[in-house]
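Chains as they are written, first to last, in this note's numbering: chain A, 1 to 448; chain B, 1 to 121; chain C, 1 to 522.
Simulated from the structure, these hints should not be mistaken for lab results. Worth double-checking, as some hints may not be accurate.
Calculated cross-link-like contacts (lysine-lysine; reagent style DSS-like; alpha-carbon spacing at most 27 Å) [unchecked claim]: (1) K98(B) / K45(B); (2) K42(B) / K5(B); (3) K281(A) / K395(C); (4) K21(A) / K5(B); (5) K42(B) / K96(B); (6) K147(C) / K21(A); (7) K283(A) / K5(B); (8) K180(C) / K228(C); (9) K42(B) / K98(B); (10) K96(B) / K506(C); (11) K479(C) / K395(C); (12) K461(C) / K395(C); (13) K281(A) / K228(C); (14) K283(A) / K221(A); (15) K281(A) / K5(B); (16) K53(C) / K57(B); (17) K395(C) / K283(A); (18) K45(B) / K96(B); (19) K506(C) / K44(C); (20) K57(B) / K461(C); (21) K283(A) / K461(C); (22) K98(B) / K5(B); (23) K283(A) / K228(C); (24) K508(C) / K281(A); (25) K98(B) / K21(A); (26) K21(A) / K113(C); (27) K479(C) / K508(C); (28) K281(A) / K221(A); (29) K98(B) / K57(B); (30) K506(C) / K461(C).
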Amino acid sequence: MRYLPLTPADRANMLSVIGAKSIDDLFIDVPGVAQIRDPFDLPRHAGEMEVERELAALAAMNRPAGSGPFFCGAGAYKHHIPATVDHVIQRSEFLTSYTPYQPEIAQGTLQVLFEFQTQVAALTGLDVANASMYDGSTACAEAVMMAQRVTRRNKAVLSGGLHPHYAAVTQTIASAESMEITRLAAAIDAEAAVIASIDTDTACVVVQTPNAFGTVTDVSKIAEAAHAAGALLIVVTTEAVSFGLLKSPGEMGADIAVAEGQSIGVGLSYGGPYIGLFACKEKYVRQMPGRLCGETLDAEGRRGFVLTLSTREQHIRRDKATSNICTNSGLCALAFTIHLSLLGERGLKSLAALNHSRARELRDALAAVPGVEILTPRFFNEFAVRLPANAIETVEALVGRGIIAGVPYSRLAPEAGMDDVLLVAATETTTEADIAALVAALKGRTGQ
Amino acid sequence: MRFTKDHEWVELDGDIATVGITAYAADQLGDVVFVETPDLGKSLKSGDAMAVVESVKAASDVYAPLSGEVVEANGALGDAPETVNDQPEGLGWFAKIKISDRAEFDALMDRPAYEAFLGSL
Amino acid sequence: MSMNSVGRPTRPDQQSPGVGGSLTGARGLLQDEALIFELGGWDKTGVDLEAPKFDASDLGGLVRSAPIGLPGLSEPEAMRHYVRLSQKNHAIDLALYPLGSCTMKHNPRLNEKMARLAGFGDLHPLTPVSASQGALALMDRLAHWLKTLTAMPAVAMSPKAGAHGELCGLLCIKAAHEAKGQGHRRTVLVPTSAHGTNPATAAFVGYSVTEIAQTQDGRVDLADLEAKLSEDVAAIMVTNPNTCGLFERDIVEIARLTHEVGAYFYCDGANFNAIVGRVRPGDLGVDAMHINLHKTFSTPHGGGGPGAGPVVLSAALAPFAPAPWVVSGPNGFDLIESPEGEAVQGFGRMVAFQGQMGMFVRAYAYMLSHGADGLRQVAEDAVLNANYIKARLSKVMTPAFPEGPCMHEALFDDHWLEGTGITTLDFAKAMIDEGFHPMTMYFPLVVHGAMLIEPTETESKLELDRFCDALIALANAAKGGDVERFTGAPYLAPLRRLDETQAARKPKLTWKPVSQTPLAAE
Numbered sequence: 001m002r003y004l005p006l007t008p009a010d011r012a013n014m015l016s017v018i019g020a021k022s023i024d025d026l027f028i029d030v031p032g033v034a035q036i037r038d039p040f041d042l043p044r045h046a047g048e049m050e051v052e053r054e055l056a057a058l059a060a061m062n063r064p065a066g067s068g069p070f071f072c073g074a075g076a077y078k079h080h081i082p083a084t085v086d087h088v089i090q091r092s093e094f095l096t097s098y099t100p101y102q103p104e105i106a107q108g109t110l111q112v113l114f115e116f117q118t119q120v121a122a123l124t125g126l127d128v129a130n131a132s133m134y135d136g137s138t139a140c141a142e143a144v145m146m147a148q149r150v151t152r153r154n155k156a157v158l159s160g161g162l163h164p165h166y167a168a169v170t171q172t173i174a175s176a177e178s179m180e181i182t183r184l185a186a187a188i189d190a191e192a193a194v195i196a197s198i199d200t201d202t203a204c205v206v207v208q209t210p211n212a213f214g215t216v217t218d219v220s221k222i223a224e225a226a227h228a229a230g231a232l233l234i235v236v237t238t239e240a241v242s243f244g245l246l247k248s249p250g251e252m253g254a255d256i257a258v259a260e261g262q263s264i265g266v267g268l269s270y271g272g273p274y275i276g277l278f279a280c281k282e283k284y285v286r287q288m289p290g291r292l293c294g295e296t297l298d299a300e301g302r303r304g305f306v307l308t309l310s311t312r313e314q315h316i317r318r319d320k321a322t323s324n325i326c327t328n329s330g331l332c333a334l335a336f337t338i339h340l341s342l343l344g345e346r347g348l349k350s351l352a353a354l355n356h357s358r359a360r361e362l363r364d365a366l367a368a369v370p371g372v373e374i375l376t377p378r379f380f381n382e383f384a385v386r387l388p389a390n391a392i393e394t395v396e397a398l399v400g401r402g403i404i405a406g407v408p409y410s411r412l413a414p415e416a417g418m419d420d421v422l423l424v425a426a427t428e429t430t431t432e433a434d435i436a437a438l439v440a441a442l443k444g445r446t447g448q
Numbered sequence: 001m002r003f004t005k006d007h008e009w010v011e012l013d014g015d016i017a018t019v020g021i022t023a024y025a026a027d028q029l030g031d032v033v034f035v036e037t038p039d040l041g042k043s044l045k046s047g048d049a050m051a052v053v054e055s056v057k058a059a060s061d062v063y064a065p066l067s068g069e070v071v072e073a074n075g076a077l078g079d080a081p082e083t084v085n086d087q088p089e090g091l092g093w094f095a096k097i098k099i100s101d102r103a104e105f106d107a108l109m110d111r112p113a114y115e116a117f118l119g120s121l
Numbered sequence: 001m002s003m004n005s006v007g008r009p010t011r012p013d014q015q016s017p018g019v020g021g022s023l024t025g026a027r028g029l030l031q032d033e034a035l036i037f038e039l040g041g042w043d044k045t046g047v048d049l050e051a052p053k054f055d056a057s058d059l060g061g062l063v064r065s066a067p068i069g070l071p072g073l074s075e076p077e078a079m080r081h082y083v084r085l086s087q088k089n090h091a092i093d094l095a096l097y098p099l100g101s102c103t104m105k106h107n108p109r110l111n112e113k114m115a116r117l118a119g120f121g122d123l124h125p126l127t128p129v130s131a132s133q134g135a136l137a138l139m140d141r142l143a144h145w146l147k148t149l150t151a152m153p154a155v156a157m158s159p160k161a162g163a164h165g166e167l168c169g170l171l172c173i174k175a176a177h178e179a180k181g182q183g184h185r186r187t188v189l190v191p192t193s194a195h196g197t198n199p200a201t202a203a204f205v206g207y208s209v210t211e212i213a214q215t216q217d218g219r220v221d222l223a224d225l226e227a228k229l230s231e232d233v234a235a236i237m238v239t240n241p242n243t244c245g246l247f248e249r250d251i252v253e254i255a256r257l258t259h260e261v262g263a264y265f266y267c268d269g270a271n272f273n274a275i276v277g278r279v280r281p282g283d284l285g286v287d288a289m290h291i292n293l294h295k296t297f298s299t300p301h302g303g304g305g306p307g308a309g310p311v312v313l314s315a316a317l318a319p320f321a322p323a324p325w326v327v328s329g330p331n332g333f334d335l336i337e338s339p340e341g342e343a344v345q346g347f348g349r350m351v352a353f354q355g356q357m358g359m360f361v362r363a364y365a366y367m368l369s370h371g372a373d374g375l376r377q378v379a380e381d382a383v384l385n386a387n388y389i390k391a392r393l394s395k396v397m398t399p400a401f402p403e404g405p406c407m408h409e410a411l412f413d414d415h416w417l418e419g420t421g422i423t424t425l426d427f428a429k430a431m432i433d434e435g436f437h438p439m440t441m442y443f444p445l446v447v448h449g450a451m452l453i454e455p456t457e458t459e460s461k462l463e464l465d466r467f468c469d470a471l472i473a474l475a476n477a478a479k480g481g482d483v484e485r486f487t488g489a490p491y492l493a494p495l496r497r498l499d500e501t502q503a504a505r506k507p508k509l510t511w512k513p514v515s516q517t518p519l520a521a522e
């Protein structure tokens, strides 16, 4: 078997060195009743060819984003990834290396993490960032837990513009810690309701911008209101490319910024692996969850990098840790940082401008479709429209015409009563022809 | 100066007790990188978790040797945690407590008793 | 013949001895590499994008005006930067990582190829279900393998790592208790040898943690367990094989006692590699167990992640699994994304979307490659390799539990280093100079100066012997008084020992410009 180097001769030789007669002797501690003799009801081993055949057949039953007109966003975005990225992340030394607990032989990983942390701090406009979390949704939940630790208060308010999955994850995790979570009603423009909900028991408010409906929001007034009450402002961003164009969370007064980093360097991959970005003000760094990489010197005075402030983490603090997290999204952080290094500031700004430009074209085209109403007043590359019909049915019908029209809001939040609302996104990969095809298909549906 | 079995020391001046960790404890911990001191006004019973002292690889709880109210915390440790290693039984103090029960202090080990206790470890 | 006078020395001894040490600090193939922020490309970009005519009227005045502070690199510069950095990393593709409980096995490249098929890699998580049947089918098939290998009826697929899986399992347990009016149970029992994530997770979920003692032969102390079990206990969390590399012989009894007081048995599946294909946790009485796909099922460690930690669940816990659920029906597969129908008791949601699909594809390709017969061989070779190392190294090092075989990992203490002036840490750092990553050190906490070695099944006998020969040579050097070799190690790595104290006292977590405005240099 191609992944097993031992030969029968090796095994026999090794058993005699050990002083055992058979491999069963080494399993002697397993109670007889628990040892399996019968073969499992599972297939026997297969060569590469057979495996490829089965997987290719399964892959062929899926509609990749790049196979036709495609307008899904809602927390994951189709962007072009430069060829260099995938090539570098497959280098053995990056792909098959371990967590950098032995810094002398992991400076590659550690320097990458230091550069990544610096980039994330710059993007979010905050002082420090960690070495990444699993994804944006768990980063959001962790931020709320952190606010509880910092303020020693138990209430959190989630804006009606927060991605419903993010709200559900935050609610699930935070209620485990006995926090009281208030989820405000879904709203295209959610600012006023958030401010009204802050009181002196509030640990934090969580606001997304651009929000789940694509609305670009000035959170500085929310920041003022939160700070006046002694609460923290957590800003969530699901489309990382937007940092290239919009005011940063830090600039607008955020205490903690979390984001989904998938848009930069990481493919869609049906939901994972993704990468959670997490940044905060300097004064809160010891309450920050996750891995942190720091700069230092080695025994010969050369600059190097190490994991640091580890006493916050599970392997030392155990039941008093800031989180139970044990991994970061290492390889995705590498992909993110390579892509961002290739873009540079100039490239990121151009990319963001291009995304916004395409989204405006999409908006103009859809606004001209009878029965379609543009709901989002200010947007980056994604916005909500009201259709003259059920959004789920419309999307399903368009699948038959080779078009993935977007994400029905009701798929994310069936209880919100927004069955005719569709979330559509355009990126640099969206073409005029794509937009024309969508418009034609929608017009066809309404018989116009 | 009096001592506890958990390697805290106490220096009493009137009813204000200054508390820290002993040279033995500081030595066992290795390089101290951070100290989490208690909040002012916090009310403590003897044996309560009062502070946390961190080295690179460990975080250790420090327990209140006496009951009382925290009236001062050593802010200088924020910038210079190494003071705990350099002067654990002097400038490396953690907090000052206004004690509520003098008898608790009297019950603590004196230095010869603490040294004997260390010898038995 | 004609004479060739354009000669030059071709034997090393014909050449001059050289000056030793380069002029620039570079060491042959190994180069120093600056940070991207020091390479000065503040206005550079390595991507060709058309710059559109920019209209800000739809942005509500929220355009970023201040510079971000991000440097750019052209493609050649980027390749050089990252390739140079890569050469400072150890990796499984280079040599053994003998890290206990990490299961650093070979990462098959077929897995990488399969994950990159457009139908998986370029599939949006919210693609209509009718257009993602292949993804759902793969998740279903992977789930079937996990359930069959463990003899458990259900599996929650969404957790993104092992610790995340532990959280999922405990939240299921908490929900199950609440549903039965047993929400008052406040305690979780955890052995003293447990991995840090176990008590961290239990505390996170709001439980208080009580430790269970260990016997002299490294197993859970049944008497202590029995004494601590009560109607206040919600669950026990036990790793099997345990973190000392030993199979818990009394596991069936441990499960029985736990169930008798109405508590649940959470099993940390980090060491599943020792028993996959030979033992099924479901048969032992386990109620929930996370499976690290990046350990037993070969998905790459990637320098620290991403992992994946699906959790197999017993019939009692299955109804409480979090969203989403993959269900099959007459029209193919469907995805239930909120608590409704058969999923109405689910405790909530762990992540946005479906989980680590990229890791599912890799793990599934691996399972198909090995098959049930191959997986059984994996466990046997893993256990054989660990026992071989234990046998060879026991001649110079002291095993923590010398009686009987170990499972997939061998545990040593530092008794054999007594009097040498060399610690476990020093010994580990000296391994780096011999070309090996250190083994797990000082874990489990219950053994003094612990050294935990897990070779996995993908090490050849040649590599195992190379490893053992190196460690035996080092052990002999240690006992022979060659102290400096150890206390100053490593000498040959890209960097020597780093000042972790300074890094923690004065954290420098981001690059900061020396001057205020790097862009002023433009």
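(request) Could you work out which earlier hints the structure fails to respect and list their numbers in ascending sequence? (result) Per hint list: 3, 4, 6, 7, 13, 15, 16, 17, 19, 20, 21, 23, 25, 26, 27, 29, 30 violated.
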